[in-house]
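Participant: The lines below spell out each chain.
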Amino acid sequence: MDFDLSEEQRMLKESVDRLLEDRYSFEQRKTYTKAPDGWSRELWQQYADLGLLSVPFDSKYGGFGGGPVETMILMEAFGAALVLEPYFATVTLFGGCVRIAGTEAQKDALLPKIGEGKLLGAFAHSERNSRYDLADVQTTAKKDGSDWVLDGEKTVVIHGDCADKLIVSGRISGGQRDKDGIGLFLVDAKAPGVTRKGYPTQDSLRAADITLKGVKVAAGDMLGESGKAFPIIERVAQSAIQALSAEAVGGMQEMLDITVEYLKTRHQFGVPIGSFQALQHRAVDMLVATEQARSMAMFAAMMVDEKDDAERAKAINAVKVHIGKSGRYVGQQSIQLHGGIGMTLEYKVGHYFIRSTMIEILFGDTDHHLAALARAGGLIAPGTTA
Amino acid sequence: MELRFTPEEVAFRNEARTFFESALPDSIRKKVQRGQYLSKEDMVTWQRILNQKGWATPMWPQEWGGTGWDAVRYFIYKEEMNRANAPEPLGMNVHMVGPVIINFGTEEQKRDFLPKVQNLDIWFCQGFSEPGSGSDLASLKTSAVRDGDHYVINGQKLWTSGAHRADWMFGLFRTDPNAKKQRGISYILLDMKSPGVTVRPVITMDHGHVVNEVFFENVRVPVKNLIGEENKGWSYAKFLLGNERVGIARVGFSAGRIAYAKAVATRTMVEGKPLAENPRFREKMAMLEVELKALEITNMMVVAGMKKQGPTQDPRTSVLKLKGTEIQQALCEILLEVAGPAAQVHERAFLDGNDELISSPEWNATAAPSYFRIRAATIYGGTSEVQRNVVAKGVLGL
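Chains as they are written, first to last, in numbering that gives the first Met the number 0: chain E, 0 to 385; chain P, 0 to 397.
Please note that the accuracy of each hint is not assured.
Stated by the list, open to error - Lysine to aspartate or glutamate pairs mimicking DMTMM-like chemistry, simulated, CA-CA at most 20 Å apart:
| # | chain 1 | residue 1 | chain 2 | residue 2 |
| --- | --- | --- | --- | --- |
| 1 | P | K392 | E | D256 |
| 2 | E | K324 | P | E282 |
| 3 | P | K307 | E | D3 |
| 4 | P | K115 | P | E40 |
| 5 | P | K306 | E | D3 |
| 6 | E | K347 | E | D256 |
| 7 | P | K231 | P | D135 |
| 8 | P | K306 | P | E1 |
Claimed, not checked - Derived coverage of chain P by chain E (criterion: at least 3 residues anywhere in the stretch with Cβ under 8 Å from a Cβ of chain E; other residues may be distant):
| # | stretch |
| --- | --- |
| 9 | 256-265 |
| 10 | 283-290 |
| 11 | 296-306 |
As the list claims (entries may be wrong) - Just a sample of chain E residues kept apart from chain P, beta carbon distances all over 10 Å, derived:
| # | residue |
| --- | --- |
| 12 | T102 |
| 13 | T139 |
| 14 | K178 |
| 15 | T356 |
No lab work stands behind these hints, which were simulated from the structure alone. What you are looking at is a predicted structure, and each value in this text was computed from that prediction instead of being measured. Glycine is no exception: its CB is placed at the ideal position from the N, C-alpha and C atoms.
Sequences are here, hints too, so could you generate the full structure?
Facilitator: And the structure:
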């Protein structure tokens with residue numbers, strides 16, 4: 000057991016930290032939000048040059064060959080800086096689908112390009128009625144000779160507005176919520192029949208609603224086996240939650256630090272408000288929640304590649320439950336302890352609060368994962384009474 | 000970064016598991032699992048079994064019978080002990096007085112006390128708190144006045160756990176009434192059979208007898224029982240605070256309670272169905288399991304840090320105490336809810352370790368007293384509020 004970073008991991012952390020320190024002050028970030036995409040193309044290229052965009056990919060595909068720990072390092076740093084660039088959409092979700100389910104040819108064609116910063120991707124899976132049910136897919140995928148034809152509507156596709164390619168889930172057979180009968184398809188974002196409506200999200204990121212009307216997909220652009228995509232989607236969602244847990248911890252630590260700093264500098268009644276015990280104890284509880292969340296992000300990194308499907312699923316449920324709960328607590332307290340200034344968009348802390356609220360919603364909220372974990376019997380097996 | 004145990008650590012875990020399962024007398028195991036009180040004899044028996052194996056005081060220096068384990072092995076040992084429903088060896092001996100004698104005692108004190116402390120031939124109690132000195136311990140007043148080669152002790156201690164079972168006390172006494180609070184205090188060992196010592200039981204809400212009042216009336220203690228230097232006692236007591244952090248979260252204990260609560264819930268019918276199938280109950284348990292998992296990983300991170308740097312004042316140790324005790328309390332609360340109406344029956348004899356029951360099923364019989372008793376967890380060893388004060392000042396700089 001050893002929680003220290005390896006030499007390589009330390010270097011990765013240093014290089015991302017240094018870049019973000021130079022280029023991601025709160026003021027600089029504001030200018031990036033005003034760019035046409037809502038993020039910086041120039042920084043994206045810098046991420047590529049530093050090798051950050053290929054972190055989870057095998058060296059065979061020009062990747063860094065990193066695992067969950069490397070993802071944790073990056074996402075924690077991105078969370079602390081409130082990074083706007085579409086790393087999560089392109090590398091974690093789109094790249095994750097390809098990494099997990101792609102053929103050699105698909106990986107060869109896509110992963111190096113992602114790593115070089117030349118391909119943006121998005122995961123067009125969620126629909127208006129699907130909520131958190133990963134199997135709920137109404138978009139249809141019909142066979143047309145050896146090709147496929149997609150029809151349907153995808154909603155809140157993260158960074159779907161700027162993506163070059165989409166991975167779209169479609170129902171090949173079965174009912175709306177059946178786990179069997181789902182396919183995943185690689186679709187060019189500019190293909191005929193694809194229309195996108197891009198918009199900003201609460202957290203200054205971007206997303207799109209995407210309509211597919213008779214979109215033709217070649218047989219070779221299916222990911223995984225026909226109708227058997229559900230386990231892939233599940234794995235990708237689990238990887239996504241692992242990444243989000245680290246991002247959430249990065250944000251929570253910032254909220255804690257900013258709040259503690261404020262408690263030391265803000266004076267009322269002639270003294271720093273941090274001298275009041277009621278506020279001190281609240282800050283300590285924020286620290287406790289943050290440290291516990293960090294432990295769960297670590298647990299996510301330990302378990303996201305676990306081979307036992309049931310154990311892995313339960314672990315990831317547990318992670319999302321904790322991240323959701325602790326993120327909400329730390330966020331709410333950070334606003335409360337600031338008072339009025341915490342409510343304003345001019346001030347940084349509110350932006351973390353917004354992002355942490357969105358993270359709780361992404362890929363299943365606290366109640367959703369708690370119910371799933373409870374149904375599956377929890378983390379600890381029953382003992383005996385004698 | 001290696002987030003799992005090494006093969007050697009896994010092998011050690013298996014060794015510990017096998018040992019605890021086979022060496023622990025069944026009668027003691029049952030009592031721990033059912034939440035019954037252990038007798039003095041139970042404690043002595045078990046500690047001597049551990050001592051025979053060389054495992055009574057693993058973290059002592061090897062020359063005094065320690066094992067030479069690193070923090071990870073010690074962590075595994077504690078977790079497996081809890082898992083097997085084994086009682087922990089007497090903390091006052093193993094974690095409190097032993098390390099102080101080892102670090103600050105004379106050679107003679109070490110020779111006289113350590114082997115007996117280790118084998119529980121001598122049972123120690125701790126004389127720290129007083130009626131007017133709880134969280135503000137340094138305000139303590141019980142005095143030790145030098146008279147030739149003796150101290151004469153007068154005053155009163157309170158909340159003294161196990162004083163009624165103890166052969167000796169290690170205590171803090173005021174030796175210089177004129178010095179500033181912390182400076183005039185000495186750390187003295189005292190024979191409980193000394194004339195002038197009176198122990199009066201304090202019965203807690205669970206009807207249990209653990210804590211006591213201890214009165215001192217002109218109790219004469221040889222000066223050779225002073226530990227270290229006169230008036231330096233506070234620093235020796237503080238040294239202890241950094242000690243025994245590895246087990247403070249009691250993750251293994253709580254995991255055992257969860258497994259037990261789930262087992263009890265399968266035998267508890269609610270509207271014709273086992274409570275264990277009730278979604279609300281399952282979610283409540285699941286939430287606690289999530290909290291406990293986070294605590295377990297935090298604990299492992301602290302332990303892994305200790306393995307590298309030795310004992311440190313890692314800020315996360317306060318997290319372990321704060322969250323660990325909250326979880327223990329929440330579990331006892333759940334066991335009380337599971338018991339339902341059966342929790343009303345006062346199963347006095349059963350609680351004291353007998354098998355007879357008046358009315359309740361054995362798995363419900365200690366639910367209420369365990370719940371009452373565990374309220375102390377956020378009070379003893381530094382209240383949760385004092386813990387938060389310490390973190391606010393020491394970690395957050397407020």
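Participant: Each of the hints needs a verdict: does it hold here or not?
Facilitator: These are the hints, each one checked on the structure:
no. : hint            : in the structure
1   : P/K392 / E/D256 : holds (14 Å)
2   : E/K324 / P/E282 : holds (14 Å)
3   : P/K307 / E/D3   : holds (10 Å)
4   : P/K115 / P/E40  : holds (16 Å)
5   : P/K306 / E/D3   : holds (12 Å)
6   : E/K347 / E/D256 : holds (12 Å)
7   : P/K231 / P/D135 : holds (17 Å)
8   : P/K306 / P/E1   : holds (14 Å)
9   : 256-265         : holds (count 8)
10  : 283-290         : holds (count 6)
11  : 296-306         : holds (count 8)
12  : T102            : holds (31 Å)
13  : T139            : holds (34 Å)
14  : K178            : holds (21 Å)
15  : T356            : holds (20 Å)
Of the numbered hints given earlier, the model fails none.
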